[in-house]
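From first to last, the protein sequence lines stand for chains A and B.
Here our numbering runs 735 ahead of the position in the first sequence, where the first position is 1.
Here our numbering runs 288 ahead of the position in the second sequence, where the first position is 1.
I should point out that these hints are in silico values taken from the structure, not numbers from a laboratory.
There may be inaccurate statements among the hints.
As the list claims (entries may be wrong) - Derived lysine to aspartate or glutamate pairs resembling EDC-like cross-links, with alpha carbons at most 20 Å apart:
| id | chain 1 | residue 1 | chain 2 | residue 2 |
| --- | --- | --- | --- | --- |
| 1 | A | 761 | A | 1141 |
| 2 | A | 1098 | B | 487 |
| 3 | A | 904 | A | 931 |
| 4 | A | 1098 | B | 570 |
| 5 | A | 1242 | B | 570 |
| 6 | A | 1094 | B | 290 |
| 7 | A | 1108 | A | 869 |
| 8 | B | 574 | A | 931 |
| 9 | B | 574 | A | 1102 |
| 10 | A | 1094 | B | 487 |
| 11 | A | 1242 | A | 769 |
Unchecked claim - Beta-carbon label-pair distances, calculated as ranges:
| id | chain 1 | residue 1 | chain 2 | residue 2 | range |
| --- | --- | --- | --- | --- | --- |
| 12 | A | 1063 | B | 315 | 32 to 40 Å |
| 13 | B | 385 | A | 1033 | 49 to 57 Å |
| 14 | B | 588 | A | 1033 | 31 to 39 Å |
| 15 | B | 385 | A | 913 | 32 to 40 Å |
| 16 | A | 906 | B | 592 | 45 to 53 Å |
| 17 | A | 1243 | B | 385 | 49 to 57 Å |
| 18 | B | 295 | A | 1033 | 35 to 43 Å |
| 19 | A | 907 | B | 396 | 35 to 43 Å |
| 20 | A | 907 | B | 295 | 23 to 31 Å |
| 21 | B | 328 | A | 913 | 29 to 37 Å |
| 22 | A | 962 | B | 358 | 39 to 47 Å |
| 23 | B | 329 | A | 942 | 29 to 37 Å |
| 24 | B | 304 | A | 1033 | 35 to 43 Å |
| 25 | A | 907 | B | 315 | 51 to 59 Å |
As the list claims (entries may be wrong) - Incomplete in silico selection of chain B near chain A, CB under 10 Å:
| id | residue |
| --- | --- |
| 26 | 320 |
| 27 | 396 |
| 28 | 400 |
| 29 | 404 |
| 30 | 410 |
| 31 | 413 |
| 32 | 420 |
| 33 | 445 |
| 34 | 447 |
| 35 | 450 |
| 36 | 485 |
| 37 | 567 |
Nothing here was measured: the structure is a model prediction, and the numbers come from that model.
Yeah, the Cβ is synthetic: ideal placement off N, Cα and C, and Gly gets one too.
Listed below are the residues making up each chain.
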Amino acid sequence: MNATEIIAELKKSYDGAIRSADICGKGRFYIHVEPDSLKEVCQKIFRGLDARFVTSIGADERQYGKGFLVAHNFAFDKLHLLCSVMTRAESEAPFVQSISDVVPASNWAEREFRDLVGIEPIGHVYPKRLVLPDGWPDGVYPLRKDYPWNKVPEGFDENRGFDFDEPPKGCVVVPFGPFHPTLDEPAHFRLYVEGEMVRGCEYRGFMVHRGIEKLGDSVLTYNEIPMAAERICGICGCVHNVAYAQAVEDAAGIKPPRRAEFIRTIMLEIERLHSHLLWVGLACHISGFDTLFMQCFRIREPIMWIAEKISGNRKTYSLCVIGGVRWEITDTLADELKAVIDELEKSWRAVVSAVEKDKNIQKRTRDVGIADKNLVKEMSLLGPVARASGVPIDARKDHPYAAYADLDFDVVTAETCDVWGRLIVRMYEVFESIKIIRQCLDKMEKGPIQAEIKEEIIPGRYGMSSVEAPRGESHHFVITGENNRPRRWRVRAPTYQNLQGVPSMIKDRSLADMTLALASIDPCFSCTDRLEAVDINSGKIKTYTAKELEQLLQK
Amino acid sequence: MEALKIIISGLLNALFSMAIAPLIEGIMRKLTARIQSRQGPPVFQPYYDLMKLFIKEDIESGDYPLMQRAAAHLAFASALTVTAFLPLGFGTGFSKFGDVIVLIYLLTFCGVCALLAGLAAGSTYSLLGISREMMMMIPLEPILAVALIAGALNSKSFEIATVLNGSVYNSTAFPVSAIIMLIIMLLSIQAFTQRVPFDISEAETEIMDGPLVEYSGPKLALFRYSRMIRLVIYSAIFVHLFVPWGNNLIFPLGFLVFWAKVLLFTVIITVIAATHARYRIDQAIKYFAIMLGVSFIALLLAAIGY
């Protein structure tokens, strides 16, 4: 089946519901549907055609006379297709049919555009606030175009607590977070605990939502956004950097030079290496096995150094510009990189064989945090979580980008559906990454690393990009716009989907397994709500509080 | 005069274990660091840590600050009392005023203090911590009691000095019960000293140090200190019961042999702690239920002279 056939089938089933459909290049198509048939079409795509839900986008296009845009993105992984189902909502009191009852994975995404853009999903299964704090006034939608990026609304009560649901009878509430040793970033789980058993939970997060999407469509320009995009995540920033650049290139029809694609691949794999090593270490730390934690970090360090040598930074590589990359990998750097991964492969083999033989770790991780194939489908779980349940999805294979189409590597899967499976998948993916980097270094040919962009990017075009982050697929969606910046830029990090699967993974399990189950998705909340400034002349350190910082920004 | 001498000898024991316990902790930390390819803190770091905590502000916190204070002091005091009874490379005049039953009571009391501490703090995490602590205490304390009582049965005496002198081997030429108890004690010593894989009641990454979550400053120092001393106590009891050889040599020699053995024993504890992941409470309970069952068999064997 290809895009044409899918569109033909949809047109046959829902005659008149489909206004138009565009096939844009290889592997992308957009379907515009009547608002009344949105739910039917999405149900058909999700259930009938077995697509994976990716994310939902709400965009304010009133100033172009088009009302509001709502798009639900789906991925046909086996067919290598990304698809967006779009519909319009009117300018006054916009609403759309909610698809959350037929596509459970869309629960958060719909609540997000309800909070931020003010499009009401009618018939949503759990219409509670998700992103905005409960102290935020009703009827103020920060992602609308007429809302300034730096405005704090009147009547915003920042000290107001969350409104929580009633816990079930006979359960004690154990607060997990916002600050907890295993969470390196703030997120709040209200666990309903009976004895040592978790009976349910409520999640409240988005405490440090930084409005990067808003900055992207109101302040920054096309080539400034990669820097902001990179800072979405503290571990896999390069992924967002590349995904954004690719989404814009997809929309504008720019093809980066071959060498740039190879360099992107190498840097993405370097990032995967350090992220997986970090995760294995942290998983060991959480289960009390500090020795392996320390060894993992020791092995990881040379990767950080070589990344710093290539890009000037251990973590934030600032790799992409639209149509290319900033950093060249010279021959000396290539040799050094080779030496680093050779050494890594050797020491990693030792770690893997130690972990595989360890009965103790298996005892703690087997049958913990179960996510079966059904849950993977319903919640559209991603990355190692899906692969450990025997679902071989990997954006590198399914929606090839950069140089991945020309490289030989395997998608590692496991069948155990538990934390142990995720551990095995991540450990073996390290070897695949090493393989990929080696091939890149061999195959890479000399050439330019940035494409020449002569024309301005035409406004109003759509672009999508999926990049396989260490935690799963990161998806970026861009609508190009005027003033050298996109009209709308939507980011969906893998944790967004995986976190929605956590309540099912921890239900009716011991509290001690909670931390491991949560950690096994490798959660990545956003951080930074304080800033430290060093006065270079006196060496004095001043730490700004959120409030002071706000005042500084508003000056 | 006699009374004074006894009191001094008891005090001397307490002071000596207070002096040496942080050093042993420091050696363990250094060793752990080496296993983890780290530099590690200097061996005297625990002394500095304790000093720092003692001079910090004493903050009242938790639901019952008074009980919290009492728990910390009682934990420390009970640990010190045990050391007063315990021969530590030199005999103590104190030991004839108690028997091994007192020893068992006092050691259990250390655990009870942790319960009090958790109750006083009143936070969800500390309550979870004490429920885990209690679940661990139920199978654990009898194991130690069985080991001591098996020794007492063999030597027909409950006197500390007699029992704590390899008495488990006193029955026959090949004491089956002693060997079983030796294995069981080795398998459960991590739990007595609250080290990985059985530091379940404190589990930092799960319940944030459990009963101690509300503690800080001098009170925390007392708890830390008593934990270090308890390590010395359990190691000493183990050495006395199961590897007594050479303890009774003339003064500097016997003393050195005894402490060398204690140190070696703590090294074993450290290595096990550094190479394991933490068990879950239900897994631990299952494990200790088996240990307890086997130790009762050992007690029966000891009673009929094997």
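Holds or violated: the hint that residue 404 of chain B contacts chain A, with Cβ atoms closer than 10 Å.
21 Å, violated
Going straight from one Cα to the other, do residue 1242 of chain A and residue 570 of chain B come out at no more than 20 Å?
Status holds; Cα separation ~17 Å.
Once the shortest beta carbon distance from residue 447 of chain B to chain A is found, is it less than 10 Å?
Constraint on residue 447 of chain B not satisfied, violated at 40 Å.
The hint names residue 400 of chain B as touching chain A; please verify it with the least Cβ-Cβ distance against 10 Å.
21 Å, violated
Would the hint linking residue 1098 of chain A and residue 487 of chain B be met if the CA-CA limit is 20 Å?
OK: residue 1098 of chain A and residue 487 of chain B at ~16 Å, within 20 Å.
If you check the beta carbons of residue 328 of chain B and residue 913 of chain A, does the distance land in 29 to 37 Å?
Holds - the Cβ-Cβ distance for residue 328 of chain B and residue 913 of chain A, about 33 Å, lies within 29 to 37 Å.
Quick one, are residue 574 of chain B and residue 1102 of chain A close enough, alpha carbons at most 20 Å?
17 Å, holds
Measuring from beta carbon to beta carbon, are residue 907 of chain A and residue 396 of chain B in 35 to 43 Å?
27 Å, violated
Using the Cβ atoms, figure out if residue 1063 of chain A sits within 32 to 40 Å of residue 315 of chain B.
Given range 32 to 40 Å: violated, Cβ gap about 51 Å.
Residue 385 of chain B versus residue 913 of chain A beta-carbon gap, inside 32 to 40 Å or not
53 Å, violated
Does the hinted range 29 to 37 Å hold for residue 329 of chain B and residue 942 of chain A at CB?
35 Å, holds
For the hint 49 to 57 Å, verify it against the beta carbon of residue 1243 of chain A and that of residue 385 of chain B.
With a Cβ separation near 53 Å, residue 1243 of chain A and residue 385 of chain B satisfy 49 to 57 Å, so the hint holds.
Consistency note: the structure conflicts with the earlier hints numbered 6, 7, 11, 12, 14, 15, 18, 19, 20, 22, 25, 27, 28, 29, 30, 33, 34, 35.
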